[in-house]
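Visitor: Protein sequences appear in the order of chains Y and X. Read in order, the letters of the first sequence correspond to residues 394 to 559 in my numbering. Read in order, the letters of the second sequence correspond to residues 260 to 934 in my numbering.
Honestly, the hints are just simulated from the structure, not real lab data. Errors might be hidden in some of the hints.
For each label pair, taking beta carbons as the anchor points, the in silico distance ranges come out as [stated by the list, open to error]: (1) X/393 / Y/555: 17 to 25 Å; (2) X/284 / Y/528: 41 to 49 Å; (3) Y/422 / X/573: 49 to 57 Å; (4) X/273 / Y/528: 48 to 56 Å.
Here a beta-carbon is modelled for each residue, glycine too, at the ideal position from N, C-alpha and C.
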Amino acid sequence: MVQKKVCMLGASAVGKTSLVRRFVDRMFFSEIYKTTVGVSVDKKQIQVNGKDVTLVLWDIHGDDVYEKVRVSTFRGMSGYLLVADGTRRQTLEEALALSNRVTESMGKIPAVLVLNKCDLAEQWEIEASRETALATSGWSILHTSAKTGEAVEQAFMNLAQAMLAI
Amino acid sequence: MADPPIFESFLADQGYALFESLGEGAFRPVGHAPGWCEEMWGAGSGREKTVRLGEQSPFLENFLVDADSFWNSKRKAAVNSGVWVERDSSGREVPFEAWALRLEGKPILIVRNLSDTYAERQQLFQTARDALLEHERLIREVQKKEILLHCIIHDLSQPLNAMRGCFNILAMEKLPGEQQRMVETGQRESQRQEQMIRGILEAFSGDLAAQQAPASQAADVPDLAACAQRVVQEFAPAFADKNIRLQLDPSLDISRGWKVAGDASRLERIFGNLLENALRYSPKGAAVTVGIEDKVHCLLAFVDDEGPGLPKDATPDRLFALFSKGKDRPGKAGLGLYFCKITVERWGGSIGAENRPGGGSRFWFKIPRMMKTAADHGPEKHPSVETPKKNAEQELSVPPRSGKAAKRLRILVAEDVDVNRELVTELLQKRGHSVAAVADGRAALAALAKQTFDVVLMDEQMPGMDGLEATRAIRQMEASSGKHQVIIGLTGNVAEEDRKRRLEAGMDGAVPKPFDMQVLFHMIETLSLGASQIVPASAARGESGPSPVSTPSQESTAAHLQRTMGGNEKLIRSLVKSFLADAPKMLSGLRSAVGQKNATKLARAAHAFKGAAANFGASNTVAAARNLEAMGKGGNLSDAEKELRTLEEEFSRLKSELLALPSKKKQTVPTRRKK
């Protein structure tokens with residue numbers, strides 16, 4: 394069976410763990426933020442184009458002043474979900490900075506940019522023009538909600554397809 | 260020495276498992292591996308059993324690459340994996356941490372089960388990250404409020420701009436006495452309102468104020484008694500209307516000199532707020548007294564009333580709190596006393612209120628005093644005293660000017676707001692200048708392409724191409740031609756970062772909106788004069804370089820002043836006096852900037868000096884200041900000390916020339932004798 398390492402990357406409290414839980418367990422546990430310390434490793438078996446694939450999901454702690462993401466965790470990674478909180482504009486910039494670190498260390502690999510918490514539309518801070526610019530520069534972008542499940546499955550499937558296409 | 264089995268049991272009990280690396284990804288447990296090793300990775304059933312840990316745990320597989328690298332090196336420090344979490348067969352999350360090290364020369368992997376301590380560690384991170392998120396949220400709130408505040412200030416300034424413009428135009432007409440007096444009142448009150456708007460911006464935007472606190476100008480050191488006197492005069496009619504007697508304390512010696520920290524306009528507003536309070540609570544026939552007492556290191560100002568006194572539950576914290584209003588006869592928004600408190604405290608003072616023994620209340624504030632007179636030594640430094648803001652754009656001394664300009668200038672006005680555009684145009688035309696007006700930056704570029712202008716007045720915020728963008732475009736076009744178009748910003752943004760943005764865009768100066776007619780005229784006429792006469796210092800010193808645009812050496816300072824000031828002796832004397840009084844401070848600022856290698860400060864100080872010296876056609880002085888300004892802007896201060904010496908020498912020559920100018924009584928201009 395094909396096995397692919399996928400990292401969840403982004404700033405603190407953007408919803409990386411909630412996205413994994415929604416994808417793996419089909420559940421949204423709580424709106425109360427519970428921080429991830431270190432790395433949490435999970436597995437999920439899916440079918441992509443009729444082929445069984447095991448995604449090894451590395452849910453990595455938020456990159457912040459208290460814990461910096463180690464470049465060694467990128468080793469063997471086939472693709473990554475870059476997660477930003479759509480209600481906090483600066484988390485997008487922080488996510489893109491992390492993505493630059495990945496590219497410096499591994500070159501270009503498949504990635505999907507996820508703007509999470511799309512259920513909080515009235516608090517949305519990321520301008521459409523910014524998204525357009527990112528899409529033009531090659532980013533595959535999805536608005537997701539770990540709370541409602543919107544586009545979560547699609548985000549992982551899109552990434553899996555991109556990884557298998559290589 | 261510990262018995263090995265006991266020691267191994269102890270380690271296992273503490274959650275540690277030790278493995279010896281056998282190479283090729285194989286490991287052998289050292290001693291008795293804890294039960295969780297068997298459950299997680301099938302690695303605890305016997306000492307002779309080997310296990311391929313990397314195949315059991317994706318995280319360990321990744322870490323063992325680093326571990327192998329360490330074991331194959333001569334490095335001594337152990338390699339740590341960081342924390343990771345895996346699920347056991349029941350789906351329970353189990354946290355671990357691992358180390359690769361060498362013990363007795365053997366490659367050893369230690370894995371620790373963190374189940375006992377992980378919750379505590381996670382709680383610490385949780386607390387820290389919650390605090391970080393809260394901080395982030397507060398910062399965003401503050402940013403939103405600052406933006407809102409700036410929008411409000413901008414919106415309030417716009418109609419005021421029109422009002423002041425109308426009053427200014429009316430003031431230029433020859434109106435009958437009473438009407439002239441009413442116009443003057445309108446001018447004064449609109450100016451006061453402008454100061455209040457700016458006061459709000461400064462008082463409620465602490466970060467901005469902190470950035471905008473250059474050295475206080477000696478001339479600005481306020482006299483507390485003079486402030487009190489002005490406010491008492493201003494409030495007298497309102498008190499009389501309610502049949503309340505308002506007086507200055509008869510024992511107060513106004514002439515003594517009561518210099519304090521702060522600035523006059525805000526001190527007057529503090530007195531005003533306290534008097535409004537007294538007016539609100541004083542009964543008919545009562546008296547309100549404003550006085551000042553000398554408390555050696557500070558001055559105590561008070562407002563005594565004969566009202567009902569303070570409520571029993573009134574503590575200073577409550578009285579001076581934000582949005583605090585009286586119960587019986589509330590004031591307006593509850594901001595007045597709060598403003599007094601934050602302003603006084605920012606100057607290093609304090610404020611309070613108490614009941615007077617004979618009835619009524621006393622509201623007081625203490626302000627650090629300035630021990631030396633400003634003229635002698637400049638303002639005394641006080642660590643906690645806020646020095647009032649004045650940026651380079653406003654530092655140009657403004658001589659009183661009225662009537663027609665000495666020289667007719669061609670001026671392009673780019674301003675999107677119709678009423679502002681019309682007002683500026685009319686003011687400038689009445690001044691004798693030729694004016695063309697456009698509504699945005701792009702139209703300004705088009706006008707400049709067709710016609711030559713001495714000065715461009717550029718509104719900063721315009722639809723389409725704004726003033727800063729247009730200025731950048733003009734400066735870019737000038738790069739090849741070597742010309743320099745004088746561009747003056749019209750702006751409602753007076754914060755330091757706004758000033759920097761204008762400087763970076765290439766504006767030569769700015770007039771804050773709502774603009775003062777005198778400031779506007781002075782800025783336009785001074786900068787246009789300076790720009791047309793500025794020559795590189797190298798050229799002035801006879802070195803190679805482009806030829807000067809004009810030939811200042813052919814014209815004495817006296818002749819220059821006569822020509823440019825239209826022979827207005829009073830104006831010339833005022834200008835000279837003002838310049839000679841300010842120049843030492845400006846030079847001191849330049850020296851300080853060079854000493855501190857502060858490029859921004861140098862650019863600003865040199866820009867101000869250049870503008871001031873340009874009034875006298877002092878081309879060499881202007882050129883040296885201009886060079887210093889360029890060094891500051893470019894951030895290259897390697898030759899700054901040398902250029903500063905040149906400037907000081909040139910200023911010394913200029914000063915001699917200015918001091919040698921004929922005084923009022925010794926007129927050199929021949930006067931016609933009566934026959």
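Visitor: Determine for every hint whether it applies to the structure shown.
Guide: These are the hints, each one checked on the structure:
{"no.": "1", "hint": "X/393 / Y/555: 17 to 25 Å", "in the structure": "37 Å, violated"}
{"no.": "2", "hint": "X/284 / Y/528: 41 to 49 Å", "in the structure": "43 Å, holds"}
{"no.": "3", "hint": "Y/422 / X/573: 49 to 57 Å", "in the structure": "51 Å, holds"}
{"no.": "4", "hint": "X/273 / Y/528: 48 to 56 Å", "in the structure": "52 Å, holds"}
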